[in-house]
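Listed in order, the protein sequences are those of chains P and D.
Residues in the first sequence are numbered consecutively from 2, following this note's numbering.
Residues in the second sequence are numbered consecutively from 36, following this note's numbering.
Because the hints were derived from the structure by calculation, they are not lab data.
Predicted model, so just to flag it, every value in this text is computed and none were measured.
Across the chosen pairs, the derived CB separations fall in these ranges: (1) VAL69/P x VAL140/D: 22 to 30 Å; (2) ASP58/P x PRO152/D: 16 to 24 Å; (3) VAL69/P x GLU87/D: 17 to 25 Å; (4) ALA176/D x ALA3/P: 32 to 40 Å; (5) ILE129/D x ASP58/P: 30 to 38 Å; (6) LYS83/P x SER172/D: 35 to 43 Å; (7) ARG61/D x LYS83/P: 21 to 29 Å; (8) GLN95/P x THR37/D: 48 to 56 Å.
Quick look at which bits of chain D chain P covers, simulated, 3 or more residues with Cβ under 8 Å: (9) 78 to 84; (10) 90 to 102; (11) 171 to 185.
In this text, a Cβ means the ideal position worked out from N, Cα and C, and glycines have one as well.
The residues making up each chain are set out below.
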Amino acid sequence: MAKIDLLFYLGTFLFCSGLLIVFTKKNAIMVLLGIELMLNAANLNLVLFNSQKTGLDGQLFALFVIIVAVCEAAVGIAIILKTYHYYHTSVPDQISELKEKP
Amino acid sequence: MTLEDIILYLFMGSSVAAVLVMILNRNIFYAALGLLVCLISLSGIFALLQAEFLAVTQLLIYAGGVLILIIFGIMLTNRISGKSLQTDSHNVFIGIVFSAGFFGVISFSFYNTELSPVENNLNIVNHMGTVGTELMSTYAAPFEVSGILLLVCLIGAALTASSFKKNLNG
Numbered sequence: 002m003a004k005i006d007l008l009f010y011l012g013t014f015l016f017c018s019g020l021l022i023v024f025t026k027k028n029a030i031m032v033l034l035g036i037e038l039m040l041n042a043a044n045l046n047l048v049l050f051n052s053q054k055t056g057l058d059g060q061l062f063a064l065f066v067i068i069v070a071v072c073e074a075a076v077g078i079a080i081i082l083k084t085y086h087y088y089h090t091s092v093p094d095q096i097s098e099l100k101e102k103p
Numbered sequence: 036m037t038l039e040d041i042i043l044y045l046f047m048g049s050s051v052a053a054v055l056v057m058i059l060n061r062n063i064f065y066a067a068l069g070l071l072v073c074l075i076s077l078s079g080i081f082a083l084l085q086a087e088f089l090a091v092t093q094l095l096i097y098a099g100g101v102l103i104l105i106i107f108g109i110m111l112t113n114r115i116s117g118k119s120l121q122t123d124s125h126n127v128f129i130g131i132v133f134s135a136g137f138f139g140v141i142s143f144s145f146y147n148t149e150l151s152p153v154e155n156n157l158n159i160v161n162h163m164g165t166v167g168t169e170l171m172s173t174y175a176a177p178f179e180v181s182g183i184l185l186l187v188c189l190i191g192a193a194l195t196a197s198s199f200k201k202n203l204n205g
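One chain only, chain D, in its complex shape (with noise of 0.2 Å):
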């Protein structure tokens, strides 16, 4: 077993223990702080897979803004003083049996799946610049659209968020 493996093991253990922190808890906070770990260790999964551009891409989008955004959605909709930070549970025994069930069937069709061999990816030694590259050629029309879709959400979400109705209205 390399070092690389135990990292691996490491990233994959914390995170399937912050996704059990997320479901267990009834601590909204805390179930926000969890998938910020889940997240990070993803983020470390990724690099060891040789996608080094999506890990800081992880990094910097979810850890840094996606995140910060859900734990200001938090302090700004539940008192922090009272008991309403906590959440609690419903549809408990049907939703255990349908992700239960999920699970069950996708690996059972894993387990009877013939993988085909691994191709070697190792030719690629530049890929930072790669992905670069690609994206500015032949991915260039759906990278606009997404850049669009980027401006549209903002606007919308700013629009949505802020109390301006009174004054469309007038």
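Extracted from the complex, chain P is given alone in its bound form (with noise of 0.2 Å):
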């Protein structure tokens, strides 16, 4: 198998594993983590496309979506910390509630 197969093979599996990490996974911060991987498979795959043309579109484009998923995480994080000093719990399952109960 050529090189480039397999580097789509496991750009392939990281997104599927992101994804799985992202249904199973009970707390928020292991969501926020599968994002992540899901985000950086996506990236291999860019830059993998991008090293078999001239050109260097796929790679700045990966450099935005680096920059997009910094923002999310910060702001994932901090919504994170928000919700566990309120409902003192960070899996979402168990927040049903908009408002605190009187």
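Assembly of the complex is requested from the two constituent chains, each provided in isolation within its own frame, with the hints serving as guidance.
Below is the structure:
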């Protein structure tokens, strides 16, 4: 099997693992980790196919994906921290009310 | 098999192993460390695919910044002394079905695809300089917009995580 095929299957495997983590884990931080993994798998694909042709479009697109992923992680962690302060849990299943019980 | 191939296969194996640790281990902290190993391996793969700038960025931003942030989040939202660093799983069956099905569909469609022949990418000698020039000329508008996005994100995250609520109301 050629190198590009193996790398493509690696990217697909990483994406599906991220999907599995997002589906199955209960903690909100684990969901965030799964999303980061999926974004990185997409980056791997972009860089891989960019290396097959001239030009740098794929690499620059991956750069912007990294920027957006950083923003998403920062805001996500902030929201999780705030939610933990309020509800004393970071498991989304246990948060079923918008407001605290009176 | 050249040395470059051996290093590439090592990086691929370590990233797969780290992802398996993330999936199978129930400890959140170990999962974060697994993601760290996976990101460092991906950075090595980027470097081998002639994307040096992206490899360095990956190391600096992900391994240095995002993972530290996430580990801080884990430390602040879980009681370390108790057993609540563990996380449970749910929807295991449907998750495995969905992700394995997705893997099967994508792999099948890639297997049946005829790739266009490889163009010669070696005529660009100075990758790092070319990335900088492209970023400042062709991609100037997205570059500026991403700067604004980072600023908005910084202010939003700081305001969300801080406890200024009473002061803002009064």
